[in-house]
Amino acid sequence: MKRHLISAADLSRDDAVLILDTAEEMARVADRPIKKLPTLRGRTVVNLFFEDSTRTRISFEAAAKRLSADVINFSAKGSSVSKGESLKDTALTLEAMGADAVVIRHHASGAPHRLATSGWINGSVVNAGDGTHEHPTQALLDAFTMRRHLAGAPDGGPTHHQGGGDGTGRDLTGRRITIVGDVLHSRVARSNVHLLHTLGAEVTLVAPPTLVPIGVERWPCEVSYDLDSVVPKSDAVMMLRVQRERMNAAFFPTEREYARRYGLDGDRMARMPEHAIVMHPGPMNRGMEITAEVADSRRCTAVEQVANGVSIRMAVLYLLLGGAVLEPAAESAETKAENPNSRTEESK
Amino acid sequence: MTSTILIRGAKVLGGEPQDVLIEGETIARVGTGIEAEGATVVDARGAILLPGLVDLHTHLREPGREDSETVLTGTKAAAVGGFTAVHAMANTFPVADTAGVVEQVWRLGRESGYCDVQPVGAVTVGLEGKQLAELGAMHESAAGVRVFSDDGKCVDDAVIMRRALEYVKAFDGVVAQHAQEPRLTEGAQMNEGVVSAELGLGGWPAVAEESIIARDVLLAAHVGSRVHICHLSTAGSVEIVRWAKSKGWDVTAEVTPHHLLLTDELVRSYNPVYKVNPPLRTEADVLALREALADGTIDCVATDHAPHPHEDKDCEWSAAAMGMVGLETALSVVQHTMVDTGLLDWAQVADRMSFRPAAIGRLEGHGRPVAAGEPANLVLVDPAYRGVVDPAGFASRSRNTPYEGRELPGRVTHTFLRGRATVVDGKLA
Ligand SMILES: [Zn+2]
Chain A
1 MKRHLISAAD
11 LSRDDAVLIL
21 DTAEEMARVA
31 DRPIKKLPTL
41 RGRTVVNLFF
51 EDSTRTRISF
61 EAAAKRLSAD
71 VINFSAKGSS
81 VSKGESLKDT
91 ALTLEAMGAD
101 AVVIRHHASG
111 APHRLATSGW
121 INGSVVNAGD
131 GTHEHPTQAL
141 LDAFTMRRHL
151 AGAPDGGPTH
161 HQGGGDGTGR
171 DLTGRRITIV
181 GDVLHSRVAR
191 SNVHLLHTLG
201 AEVTLVAPPT
211 LVPIGVERWP
221 CEVSYDLDSV
231 VPKSDAVMML
241 RVQRERMNAA
251 FFPTEREYAR
261 RYGLDGDRMA
271 RMPEHAIVMH
281 PGPMNRGMEI
291 TAEVADSRRC
301 TAVEQVANGV
311 SIRMAVLYLL
321 LGGAVLEPAA
331 ESAETKAENP
341 NSRTEESK
Chain B
1 MTSTILIRGA
11 KVLGGEPQDV
21 LIEGETIARV
31 GTGIEAEGAT
41 VVDARGAILL
51 PGLVDLHTHL
61 REPGREDSET
71 VLTGTKAAAV
81 GGFTAVHAMA
91 NTFPVADTAG
101 VVEQVWRLGR
111 ESGYCDVQPV
121 GAVTVGLEGK
131 QLAELGAMHE
141 SAAGVRVFSD
151 DGKCVDDAVI
161 MRRALEYVKA
171 FDGVVAQHAQ
181 EPRLTEGAQM
191 NEGVVSAELG
201 LGGWPAVAEE
211 SIIARDVLLA
221 AHVGSRVHIC
231 HLSTAGSVEI
241 VRWAKSKGWD
251 VTAEVTPHHL
261 LLTDELVRSY
271 NPVYKVNPPL
281 RTEADVLALR
291 EALADGTIDC
301 VATDHAPHPH
311 EDKDCEWSAA
321 AMGMVGLETA
331 LSVVQHTMVD
341 TGLLDWAQVA
351 DRMSFRPAAI
361 GRLEGHGRPV
371 AAGEPANLVL
381 VDPAYRGVVD
391 PAGFASRSRN
401 TPYEGRELPG
411 RVTHTFLRGR
421 ATVVDGKLA
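Sequence lines, in order, name chains A and B. Count the first sequence with UniProt numbering and you get residues 1 to 348, in order. Count the second sequence with UniProt numbering and you get residues 1 to 429, in order.
Worth flagging that the hints you see were computed from the coordinates, not collected in a lab. There are no misleading hints in this set.
16 angstroms max Cα-Cα, derived EDC-like pairs, lysine to aspartate or glutamate:
| id | chain 1 | residue 1 | chain 2 | residue 2 |
| --- | --- | --- | --- | --- |
| 1 | B | Lys11 | B | Asp43 |
| 2 | A | Lys88 | B | Glu311 |
| 3 | A | Lys88 | B | Asp314 |
Make a model of the complete structure from these sequences and hints.
Have a look at this one:
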């Protein structure tokens, strides 16, 4: 593993499979009566959030705490941190506090890269979402979720919602993943395209042409403007959140037209293969990119993705910080009010 | 007392070695075997002698942003770079949109003594693109403004642009357009293309530049005015200017040194030192710009020297200021990209960096031949020199160079402003 996790593009196939496999072990820890491991005792993890994202922050916080790390939450939004230079000042402060890892969420694309390469800090940097660039742990938890559902059976057939068939050691070779929505502004899409390609999946992006970036032709994926033609050939359909305000900038005419052409409703879901799953990174815009019927169906893995996020983030912190062996903590179990299924609103 | 300087054995415009005798402010003789009793002798064997360089596009930041540059520090940087005249852009605080401000800048330049400063006047009041500034008053002021530009902003209103083009004909002025369609570049952070798609940075599409250039050459043709295009950055812009020139329209254009060398691949570092407006483009654009400068489609090199304090670049990309300093590295970059590649000889460098920009600006006393009776605005270049760019040694107050640590060829050893050495052996005199 490298010292930082900035981009899903930096991960080799073996790196990615190692993270997914480690996350499976972490998930098993969560099933034990004692959910805590001593591996990062004495290490400090800082959650540096320049953008509101309660869901992602508590996911990282739960992950770090289950590894016995000390966690400092630094919410920089709305404080004196408004001008760019403050990223540097904040970083120097964190360095002085001895941060071993900094988990950063920032509205500016490239801010985690800057933090990791500027010489301001020595610790590991984990990108928890930067602007419209990347969100690598989201892509990892998505891949983890897909692998559990789609990679369990050797013949490539479904292991739909079996829970136990975790696909350890496998990648996603040959699985057809469709990502639908605002690709242009989506860091989730960028990270997923890189990671899923690395894991051998065949990715198709579906969006109105206005929400596909110029330059997408160099991405390792297909692009389609027609959701109906892609749905029947998909092992997973991932719906991206689409902000209603986009229509004000003429990316599409109306909400209704968007939902009709690019939303996932019950009829479209019915044309998916029987084993195929519906994914959403949350928070969902019900009635926009996804109907309530689909969101609440058993094929939708949105809640499961949130739970898997903690395992993935444990694995990432564990591997980046070179934690010791995976043994349960001797101390008493800590069952805090860490609710990984929290539905607190955030922007992805 | 008149000083006498004898430059010995310099290759004038890259030609055969000759001696050049300077008496007072003027070139007295050019020839071989010149002797002059009591003259200060400069041994220039191996060096290239060029007319003092002229920059059509410099941001000196004074008044208003003296933390990044002043007229004094900026003209020192210009002298180090071999310039004897620079055009100071109008986007200062206050904006140079009145006779008072342009005269202030002009006087500061005279007092500095390192390089002539020709103020550029704003086209519109406050650079806001709505109401014409008093162009005539700025022209009639002591500064004698002939180049007008809202640089930093585009004169995007077609009617305002048309009127400005027409109005300045009365005093042989020219409008220098910063071509950037504002709606197409809202939130723009870098060139729109393969790299921006990956990095998730807002795109600055080539069409935002090209559409304005296309409109403006048509407007200039329609009203019979001349128009100058600032910092051309795309292959498509080159095509439009080439087409306009083929029609015989009075269109001129400049290119910056950085657009002749650097590409948007550098943005992958997210290092804001590469953030500039217009943005760094692709390799194909760089090659088209070089070819256009070689064949004369692009008339001249202009630095777009844009100093910024350290803190405006020591941050994340989107928060950083746009711009690069360029005066002190311009000639080296041109040698590297155009001379050492065989695209231009030194006589053509003199044309693109002195004769043409002086002619476009209607600047008197600069961009003149190296000949007896001409003003002694001269620069000596050692083309064999190789050095690593170290911003710590810059005369500019700012250090935001994209070339730090890069080896570049050539060095200005001497600059003469009307017979007075402003730079000797590469150092400010
Ligand atoms: Zn400009």
